[in-house]
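Undergrad: Each chain is listed here by its residues.
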Amino acid sequence: MKIKRILIANRGEIAVRIMKTARLMNIETVAVKTGVEPNAMYLSSADIIYDNTEDVSEIPVFLDIEKLIAIAIKTQADAVHPGYGFLAENAYFAQKCIDNKIIFIGPAPDAIYKMGNKTIARKIALAGGIPMAMGSEGNISDEDEAVKVAEKIGYPVIIKAASGGGGRGMRIVRKSDEMEKMFNIASKEAEKAFNDPSVFIEKYIENPKHIEFQILGDQHGNVIHLGERECSIQRKHQKLLEEAPSSALDSKLRKQMGTMAVQIASAVNYYSAGTVEFLLDSEKNFYFMEMNTRIQVEHPVTEIITGIDLIEQQIRIANEEKLKYKQEDIKLEGWAIECRINAEDVQAGFAPDPGKIVSLMMPSDPCVRVDTGVQAGSSIVASYDSMIAKLIVKGKDRKEAIKHCKMALDKVWIKGTKTTLPFFRMLVRHQKFQDGNFTTAFIEKDLEKYYFNSEYEEMLAAWLATKLFIEENLNDNSINIDFKHGKDMSPWLLNKRINQF
Amino acid sequence: MTNEKSQIKKLYALSSENRKFSFSLPLKETIRIGKRNYEVKLKSDEKHGTYILWKNRKYPVEIVQSRQNRYEILFNDISYTFTVETPFSLQRMKVLNSKKGKAEQEYVKAPMPGKIIDVLVREGATVLRGEPVVILEAMKMQNEILSPVNGIVVKVAAKANTNVMKDDLLVEIKL
Numbered sequence: 004m005k006i007k008r009i010l011i012a013n014r015g016e017i018a019v020r021i022m023k024t025a026r027l028m029n030i031e032t033v034a035v036k037t038g039v040e041p042n043a044m045y046l047s048s049a050d051i052i053y054d055n056t057e058d059v060s061e062i063p064v065f066l067d068i069e070k071l072i073a074i075a076i077k078t079q080a081d082a083v084h085p086g087y088g089f090l091a092e093n094a095y096f097a098q099k100c101i102d103n104k105i106i107f108i109g110p111a112p113d114a115i116y117k118m119g120n121k122t123i124a125r126k127i128a129l130a131g132g133i134p135m136a137m138g139s140e141g142n143i144s145d146e147d148e149a150v151k152v153a154e155k156i157g158y159p160v161i162i163k164a165a166s167g168g169g170g171r172g173m174r175i176v177r178k179s180d181e182m183e184k185m186f187n188i189a190s191k192e193a194e195k196a197f198n199d200p201s202v203f204i205e206k207y208i209e210n211p212k213h214i215e216f217q218i219l220g221d222q223h224g225n226v227i228h229l230g231e232r233e234c235s236i237q238r239k240h241q242k243l244l245e246e247a248p249s250s251a252l253d254s255k256l257r258k259q260m261g262t263m264a265v266q267i268a269s270a271v272n273y274y275s276a277g278t279v280e281f282l283l284d285s286e287k288n289f290y291f292m293e294m295n296t297r298i299q300v301e302h303p304v305t306e307i308i309t310g311i312d313l314i315e316q317q318i319r320i321a322n323e324e325k326l327k328y329k330q331e332d333i334k335l336e337g338w339a340i341e342c343r344i345n346a347e348d349v350q351a352g353f354a355p356d357p358g359k360i361v362s363l364m365m366p367s368d369p370c371v372r373v374d375t376g377v378q379a380g381s382s383i384v385a386s387y388d389s390m391i392a393k394l395i396v397k398g399k400d401r402k403e404a405i406k407h408c409k410m411a412l413d414k415v416w417i418k419g420t421k422t423t424l425p426f427f428r429m430l431v432r433h434q435k436f437q438d439g440n441f442t443t444a445f446i447e448k449d450l451e452k453y454y455f456n457s458e459y460e461e462m463l464a465a466w467l468a469t470k471l472f473i474e475e476n477l478n479d480n481s482i483n484i485d486f487k488h489g490k491d492m493s494p495w496l497l498n499k500r501i502n503q504f
Numbered sequence: 002m003t004n005e006k007s008q009i010k011k012l013y014a015l016s017s018e019n020r021k022f023s024f025s026l027p028l029k030e031t032i033r034i035g036k037r038n039y040e041v042k043l044k045s046d047e048k049h050g051t052y053i054l055w056k057n058r059k060y061p062v063e064i065v066q067s068r069q070n071r072y073e074i075l076f077n078d079i080s081y082t083f084t085v086e087t088p089f090s091l092q093r094m095k096v097l098n099s100k101k102g103k104a105e106q107e108y109v110k111a112p113m114p115g116k117i118i119d120v121l122v123r124e125g126a127t128v129l130r131g132e133p134v135v136i137l138e139a140m141k142m143q144n145e146i147l148s149p150v151n152g153i154v155v156k157v158a159a160k161a162n163t164n165v166m167k168d169d170l171l172v173e174i175k176l
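In the order they appear, the protein sequences are chains A and Z.
Using this note's numbering, count along the first sequence one by one with no gaps and you end on 504.
Using this note's numbering, count along the second sequence one by one with no gaps and you end on 176.
What the hints contain is simulated information worked out from the structure, not anything from laboratory work.
We put the beta carbon where it would ideally sit given N, CA and C, even for glycine.
The reader is advised that the hints may include incorrect statements.
Examples of chain Z residues toward chain A, derived with CB under 8 Å [unchecked claim]: (1) Leu12; (2) Leu28; (3) Val41; (4) Leu43; (5) His49; (6) Trp55; (7) Pro61; (8) Glu63; (9) Ser67; (10) Ile74; (11) Phe76; (12) Phe83; (13) Pro112; (14) Met113.
With the hints as constraints, model all of the structure from the sequences given.
TA: Okay, structure coming up:
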């Protein structure tokens, strides 16, 4: 193994996840300590900590290419793992690593660039005969052109950012008089988020399922897929729950879509782990959406049903090893579900709820895997994403996986911020979810209530309010439980209290 | 305890959705469901913090706000707001509510802290219910803030590229 020491250009759970595999492979890791999270959990998993707390630059270090290269050189790291988000899909960063003789654990800059630019990716897919939603041939220059194109392909259409991803710069347009406004919003958003105002138009597929294929390719031209993940449970294009495999696919459709996914990846000489995303309509027609050239948040569900460690594969591929699996070696076994437990307030439209995690306990059953970068005492800071932990459960089939998920959700104990737990507790009890009968519109269209509470919970809360009222107003002897525990009071609680005045 | 206080026989916890839970005083540590009484205990330890023990299961609880007779309680990760009323105050509230008029202004406030990406309306503009008025970015997510009513924009407090706190006024709409 050429790779002896990896700089993790990331934080949180994915940093912890990468270091775990590196340790198993006897590779050293370097983590970057920042002023925003000087006590973060990921630091304790690293062999070497680079102290960047003195850095007062406005750009977070994980987005600062020059700085990261300098850190890699200074700490003598021979490889960089970008994780997801930040610079994971930045072709310039990948190139910079190569220029400095540092191995970039990911695909070639050329593949990142081509798949990162959605109009180029569309052209590549089109040339390969991959089914796609009808759309504009290239970027759209103004709203008049947008109206013309939309009329040709028929409403509804979706405007997307050429350099986009993650749901930003996307707008659905249902009639021509909305076009001017939506075009301008999408273009402005795209410019702000990706430094590129160019947008294109596609036919909007109503109520599809989101199905993505995990790809692995090596630097010797071998590309295989590891089956699909279903990520239809999403809100505003942010995934909340993912599972593998998908109940919507049979082995014939899986083979067909998987072959297409491999074909797209091969068209850009793809190596490392990657994901080809498709939309699947109610008639089981599928359409190529985009390719993500990084490790995904939801990669664990694939690891569970294939038994393959994707981070290990990324490292081996970066080390120029040949894939030791052929397509026929890949067997999908059992069912896996991942719940993204985020610091969000489901009762307030999933608004982020940053704060200090006061206590955190996760189930330790054999059917449960927890990937987290957070422990009791950690803070969920507003400058990063709101993830607390990924709860991943497995079962022999979908029914058992849901059953295990339900039990596991009841064993998670988090205090300090509001979380998406009540949402998942509702979801696993929902008939349509249990039947596999849901699309990306599920949260917006099929749900009346975003959370679950059992019959007596509100009554018990009412009992507690009444008890407090009595203690504060009617009794002379004060309450014996100290809620206002000065030193341990969460900033979240404190904020809410301050806001009242 | 004053004499008047000790005469209170019942308390009502009214939820924000107007559900009424009544409790007899002195408050018991049991709740009757059907024919059985179940024990309910408020406890606290180092590992769990404060919790309620009910039917052998621990439920995390937190007091988010307590202000006069108004309590916001987080019970098993879900927040509930109650006002606790005595029989007298409940009666008074009913009288007051019946006299209350309808609001004429709607204040659209920031539902979360974040950055204003774009303001989509101008003063004097007519807006329809469900129409986006502001785009607010918070923790990597862009959120369209929608007008909850049909009306005319009388004030635009939000400015693009500025940060707002939760509950800051964004737009004022006259019905």
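Undergrad: Each of the hints needs a verdict: does it hold here or not?
TA: Hint check:
1. The interface hint given for leucine 12(Z) is met, as the beta carbon of that residue sits about 5 Å from the closest beta carbon of chain A, less than 8 Å.
2. With a cut of 8 Å, the hint placing leucine 28(Z) at the interface with chain A holds, because the nearest CB-to-CB distance is about 6 Å.
3. Given the 8 Å rule on beta carbons, the hint for valine 41(Z) holds: about 6 Å separates it from the nearest Cβ of chain A.
4. At a threshold of 8 Å, the smallest CB-CB gap from leucine 43(Z) to chain A is about 6 Å, leaving the interface hint in force.
5. The closest approach between the C-beta of histidine 49(Z) and any C-beta of chain A is roughly 6 Å, which is under the 8 Å cut-off, so the hint is satisfied.
6. Restraint check, tryptophan 55(Z) versus chain A: the minimum CB separation of about 6 Å is within 8 Å; hint holds.
7. Residue-level restraint check for proline 61(Z) holds (minimum Cβ-Cβ distance to chain A is 5 Å; threshold 8 Å).
8. With a cut of 8 Å, the hint placing glutamate 63(Z) at the interface with chain A holds, because the nearest CB-to-CB distance is about 7 Å.
9. Interface hint at serine 67(Z): satisfied, since its Cβ lies 6 Å from the closest Cβ of chain A, which is below the 8 Å cut-off.
10. A cut of 8 Å between beta carbons decides the hint on isoleucine 74(Z): the least distance to chain A is about 5 Å, and the hint holds.
11. Because the beta carbon of phenylalanine 76(Z) sits about 4 Å from the nearest beta carbon in chain A, less than 8 Å, this interface hint is met.
12. Annotation: interface hint on phenylalanine 83(Z) holds; nearest CB of chain A at approximately 4 Å, less than 8 Å.
13. Given hint, proline 112(Z) at the interface with chain A, holds; its Cβ is 5 Å from that chain's nearest Cβ, closer than 8 Å.
14. Hint status for methionine 113(Z) relative to chain A: holds, with the closest Cβ pair at about 4 Å, below 8 Å.
Checked against the numbered hints above, the structure violates none of them.
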